[in-house]
Amino acid sequence: RSHDKSFTLFRLGQKSSAGVKEFAETGRSDILEEQSQGEGGVYDEFNAPPITSGVGRTETEFFVDGNHSKVSLMSRIVPSPDWFIGIDGFDLCVNGNWLDSITIEVDPIDAGTDNGFTFTAPNWPTDPQGEIYRITAHYPAHPAGSFFYPYVKRLPPIGTFQFIKVS
1 RSHDKSFTLF RLGQKSSAGV KEFAETGRSD ILEEQSQGEG GVYDEFNAPP
51 ITSGVGRTET EFFVDGNHSK VSLMSRIVPS PDWFIGIDGF DLCVNGNWLD
101 SITIEVDPID AGTDNGFTFT APNWPTDPQG EIYRITAHYP AHPAGSFFYP
151 YVKRLPPIGT FQFIKVS
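Using UniProt numbering, the first residue of the sequence shown is number 1, and each one after it goes up by one.
Certain hints may be false.
Using 35 Å as the maximum straight-line C-alpha spacing, the simulated DSBU-like pairs for lysine-lysine come out as follows [to be verified]:
id : residue 1 : residue 2
1  : K15       : K5
2  : K5        : K165
3  : K153      : K15
4  : K5        : K153
5  : K15       : K165
Cβ pair distances, simulated, as ranges [to be verified]:
id : residue 1 : residue 2 : range
6  : T120      : P156      : 18 to 26 Å
7  : P157      : L99       : 16 to 24 Å
8  : I104      : N47       : 13 to 21 Å
9  : F62       : D30       : 14 to 22 Å
10 : Y149      : I104      : 16 to 24 Å
11 : F62       : P122      : 31 to 39 Å
12 : N47       : K165      : 18 to 26 Å
13 : F62       : Y149      : 31 to 39 Å
Everything labelled a hint here was simulated from the structure, so no lab data went into it. Each residue gets a CB set at the ideal place from its N, CA and C atoms; glycine is no exception.
Take these sequences, add in the hints, and give me the full structure.
In structure tokens:
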């Protein structure tokens, strides 16, 4: 979504909304779409076709304006318990100037709604619900974890988002 500073799709360190939970766990976006309809801060909603294999590319276009220069988005990691990649409130206008192009590398994020440590973990709801957090090579520190690599400094980025101004 493109939006102003009043809108939050997700935020590290906070609990997932019902819409973020549903999307991260199942890929359904019904609640997310309902949550942003009529939201004062949202300017444009957009979707991109899914990437159906482990490597790929997809693209879409969306609108921004001087009052709605931020972008937030999520892409689900499949399969996974509740993992996604995303951007939270990135401002495409810096000091009154629109960025022509920027590429942002992203790490996996856990929605805090399922305790699974592996890509194909069975459903294991987090109760009470946890906070959204960035998955790293060292956290969660479980030897069976799909991203747990204690001997590396950091995981390589799992994806990139590229924004290009078209006009």
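Here's how the hints hold up against the structure:
Among the hinted pairs, K15 with K5 is consistent with the structure: their alpha-carbon atoms are about 19 Å apart, no more than 35 Å. A threshold of 35 Å between alpha carbons decides the hint, and for K5 with K165 the separation of about 20 Å falls inside it, so the pair holds. Proposed proximity of K153 and K15 is supported: the alpha carbons are some 27 Å apart, at most 35 Å. With a C-alpha separation of about 33 Å, the suggested pair K5 and K153 falls inside the 35 Å cut-off, and the hint holds.
Between the alpha carbons of K15 and K165 the distance comes to roughly 32 Å, so the proposed pair stays at or under 35 Å and holds. Between T120 and P156 the C-beta distance comes to about 21 Å, which sits within the given range of 18 to 26 Å. Take P157 and L99: their Cβ atoms lie about 19 Å apart, and the range 16 to 24 Å holds. As the Cβ distance of I104 to N47 is approximately 19 Å, the hint placing it in 13 to 21 Å holds.
For F62 and D30, the hinted distance range of 14 to 22 Å is satisfied, since their beta carbons lie about 20 Å from each other. At about 22 Å, the beta-carbon gap between Y149 and I104 stays in the expected band of 16 to 24 Å. Checked against the hint of 31 to 39 Å, the pair F62 and P122 passes, with Cβ atoms roughly 36 Å apart. Judged by the Cβ atoms, the range 18 to 26 Å given for N47 and K165 holds: they are separated by roughly 20 Å.
A hinted range of 31 to 39 Å holds for the C-beta pair F62 and Y149, which are about 35 Å apart.
When the structure is compared with the earlier hints, no violation turns up for any of them.
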